[in-house]
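Student: So the chains spell out like this:
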Amino acid sequence: MAEESISYQGLVCPVPLSHNDRIVLGHGSGGRLSHDLFNKIFLPPFNNPILHAANDAGLIQLSDQEGISFPRLAFSTDAHVVSPLFFPGGDIGKLSVCGTVNDVAMIGATPLFISAGFILEEGLEISVLEKVVQSMQNAAQEAAVLVVAGDTKVVQRGKADGLYITTAGIGIIPPGINIGGEKAQPDDIVILSGTIGDHGIAVLQARDELGFQTDLKSDIAPLNHLIQNILLSSQHIHVLRDPTRGGLATSLNEIAQQSKICIELEESKIPIKPEVSAACEMLGFDPLYVANEGKLIAIVAPEDAEKILDVMHSTRYGEEASIIGKVKAVPQSRVLMRTVIGSTRVVDMLSGELLPRIC
Amino acid sequence: MKYLSEYREASLVQAILGEIQRVVTKPWVIMEICGGQTHAIMRYGLDQLLPPEIELVHGPGCPVCVTSLELIDKAISIASNPGVIFTSYGDMLRVPGTGRDLFSVRASGGDVRVVYSPLDAIKIAQQNPDKEVVFFAIGFETTAPANAMSILQAKDLRVENYSMLVSHVRVPPAMETILSSPENRVQGFLAAGHVCTVMGYWEYLPLAQKYHIPIVVTGFEPLDLVQGILMTIQQLEAHRAEVENAYSRLVSLKGNTEAQMVITELFMDCDRKWRGIGSIPLSGWCLREKYSYYDAEQRFSVKQITSEESPLCIAGQILQGVRKPFECSAYGTICTPEHPLGATMVSSEGACAAYYKYSQV
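Protein chains in written order, with my numbering: chain X, 11 to 369; chain Y, 2 to 362.
No lab work stands behind these hints: they were computed from the structure. Warning: the hint list may mix true and false statements.
Here are the simulated distance ranges between beta carbons [claimed, not checked]: (1) S249/Y / Q245/X: 52 to 62 angstroms; (2) Q128/Y / K317/X: 54 to 64 angstroms; (3) L251/Y / F48/X: 42 to 52 angstroms; (4) G38/X / S6/Y: 28 to 38 angstroms; (5) Q305/Y / N58/X: 47 to 57 angstroms; (6) L61/X / L251/Y: 51 to 61 angstroms; (7) Q223/X / S6/Y: 17 to 27 angstroms.
Computed from a predicted model, the values in this text were never measured in an experiment. Glycine included, every Cβ here is placed at the ideal spot set by N, Cα and C.
Chain Y on its own, in the form it takes in the complex (with noise of 0.2 angstroms):
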């Protein structure tokens, strides 16, 4: 396929493979941000193509795993609701969180609906206008732009009856929560491509300065993820910390302008738990007042919901690229995709589903 096929030819990954094998003299760690970037990277098999002295780590850029238990049972509570149709994009059905995932409110009768963008959220309000339509709105900077646009949708349609549980995380403040932690052990960073397509890059440079760390903007595809690490090493050998993009035929400094501008009308920074992390200040977008007719949270009353969760899970430690999938000793035994017991093993972004599915070491 043109654009695709090229990022994944053989030769000219090995050609990179070469040359970081020339340039990298010590060990290094690397975290990928995305998800994304960790499914890629463990289904090419690259982790096994790199030198030895290259440790790759997995960074907490999986939306579903770091949407807060207490989010899920919010959206369990509103899904269970017999006057509402809840919709999601489809990983998130199969998120635990106290007791039930939203198939199980779905198999008791609930009306819990795929969708695959907001938009099909506000037609499903305009054909059910005697429903409440409640779109759960989980993702870093990627989605938020459709997701606001949503809602702009609705006021411009006059659909009433939709609503959005909303979960926005980004990027910068878990980047910055990794370096300052104590157990930190990440050396450079491939951030991730698609959350740079909508925000630029304009936003690492004081973090790459402050901690003095390579920041290399990277892709998805093998080539992609080769050219990142490259470039890291690169900066690293030569102590270098800058932020460097190698994601260029998509990426700009100031990324997408426009959306950013959708974003700031709908969205405020507010404070936010990360599933496994604790709450993170200022690290999760929230509705403006402006918008408040618009959140399921005020609408369904259940923002009193609280649940905590045990702080013996180590998806938070995977997620911060502390420690591996296998070294947690339900990985692959009792915590499998079919009876996941935590959200890294759910989502297709997952680092652990991503262990399982391709590797299962």
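This is chain X alone, in the form it adopts within the complex (with noise of 0.2 angstroms):
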């Protein structure tokens, strides 16, 4: 790395400063830092093919054995730890198991099982439990999964912040399917499946931070039957990914990278709730890092686009997917946006924490 190598100390600007010996909250936010982490911190000793491919859920394979072959899986686990516990349009326990639900259907796989695991801080009321699990039943329910093992710790009180709930989910992968994030090829069409931000600004106005009410809800939902409705539609899909931490613009990012293509967004084709922008506008925020938890991104094949696109219309969370941009070759690895003045510019990932402005 060049920050180990050249010692610019002195020559520029006074003070370098990096995060490399605490965790900040900026680790957590899916942005850079995330990635950072992962790349530095987890990869290097886990380092195996199938963590390699750093997709949504991890793709299995087990080797056929006497005459018999196992259907491939697909393995994910997510924690949450948001506050508050409960929010407009949903709740911890719906999020732990939509957010695994997505991460397992995100590679073309059919989730079957869940566990979860829960940690409990002291004091914490049973009746607020009691709610989150039932929460995670209907969730279930509608997805069409199983709640099949779990595990309960209690910390003293002031160790953790209610309840954490982290979930693992499996699923398999039907044959014929091949979904991931470097499969995405030049001429490709982008497709989003809704409007973006919805989470995050109904979480920020749960958590009193807005200043002002809408009557906005979180877009938390299990996205698999959709993809099982565009999958049984087109056999042109390469890439599904959910925009969650980080937003749109962070995983659009991650895609650019895994599949070395260049990304190209037409922003007024972007589908944002007025009450998102307005939120966005007055924090001074954009829209495109902010947090989605029911929302989905297809890259599929031209020819298929309108299809997948009329598919999505008819299903209860793609009513409004619109298509958002196309694949192209160069400049690999980065994101663009016609403007809606006309001009193009560069779609970063995020960068640490989502930071309200100034004024």
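Hints in hand, dock the two standalone chains.
Tutor: Okay, here's the thing in structure tokens:
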């Protein structure tokens, strides 16, 4: 790394500073600091091809034994620490099931079984836990998955923020399906299943941090049925990804890097609810970086794009789907955007935490 | 969105760009004062759409960028105190002091909280009577009224565990410093619309006259910016040097006089160090003696902290429009938003961050 070999101290700006020695909140933002953590801390010791693929779920192919061939499995895990526990449109329980269901589904798998680990803070009201667990079951029922294993730990009061949930999920990838972040090709079409930023802004509102009220709800939803439907309609779906933390911009950058292609967006085509837009204007956020929990990006062959869009429109969570851009060969690993006034700019990954502006 | 999408209308922007093209006959250098304007220019790629004769250089109007190393070190010292809840606008947490930033203080156990308004800090003070709550009052004239109000509110509500680390800066002295520099290249200014919403634009009249330079009060949407640029170019081409208002939907000559009264009640002019630029006489606001009880520098005895920065850092030259971010050898290589070497790369209003985020040239 350049930081280690060249010392610019004194030559340029005064204070080199890096967060190499302690975890800061930005490491959990889903943006570049999270990627740094994955690439520098987690990937080297665990190094294996499944993890290396860096998709939402790991794809496991067991070798055939004694003439029996095993199906390909998708396996994923997701930790949930949202505050507050309940917010418009959902709660930590629904989030914990949908998050893992969606991660498993994003490589084309049918999610089947979920496990859940609970870290509970001493003093948490049992009624709160009951409510969260019921919400998990409702989401599991909708997604047609079973919660089949779990674990509970309790920590002293003050050592956790009420309740954390980690879920893991497993699913089967039907034969003939090959979906991954590295499979986008030039001329492919980029489809987004609906409006962006709803979850992030709904949670901020629930924290009373907006200073005004809207009717906005989080978009949390299990997307596996939508995915099943589009997979039945087309053999040419190359990439699926849910733009959660870090938002649409960060997910598209990940795909552009994995596939070594360029994604060109049309700013005017990206669906955004007026209340999300207003909240972002006031706080100085760019909705491209605000979290979603019930949306997906599909990158598909051009000849099937309209058909897939039509199928999405007919599903509960894809009514507002739209084509937002296309894939080009160059510049590699970049996301560009045609702005509403006709210029082109780079869309970068989220770096660090999303912070409100000053004035 | 009403009153916003209209100002992003491509056909209107194109029409004004066409008019700029028609009017301009020779090269001109225009500075947009405010970092918010710099970001809008880069975000909408306006620089690509302007005729090549027009060069935009980026001004010092990024409050995070110009807050001195010394004040950040004072903030870090106060925030590291176990009895303190240190509150700040979010951006400020990432700016490096000498060796640490406020995020690091938080990661090491300090109670550092992001607030959206100083009035939130007052609430925190009321909820935590056994703690000292300090608000980092940074910013130009725009944030000063709300910051001043928080002290009046603290006084009214008898919130005694509240104080403010004041780092206010003013635009006109910074403009005068740029104009009087022998290296100055700026031939016209887009004045910062939000600052003028509070202060009006009467303060700029003597500057325009003394330095014979056009100053156009300009907003932040694409249409506002091209309109401001057009009016500046029209003046330059006609050898006029006036103060004009292209943001009249919000700005008046006198500005918000009630807000100005609150500012005058709380603050007085004082010398202020600007990061990368140095000390500019009477360029800041400090708390008046009458309100010194709420002065965090006095309450926490950090007045003696002094920090000097490297004279070789080019952030100061960038903030004065003398050089561009990509002329720095560290830009985009070892200096990135995740690992900023200077404040102009840190702040969401900083010029280097704007270049990095939207163009990565």
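Student: Out of the numbered hints, which ones does the structure contradict?
Tutor: none
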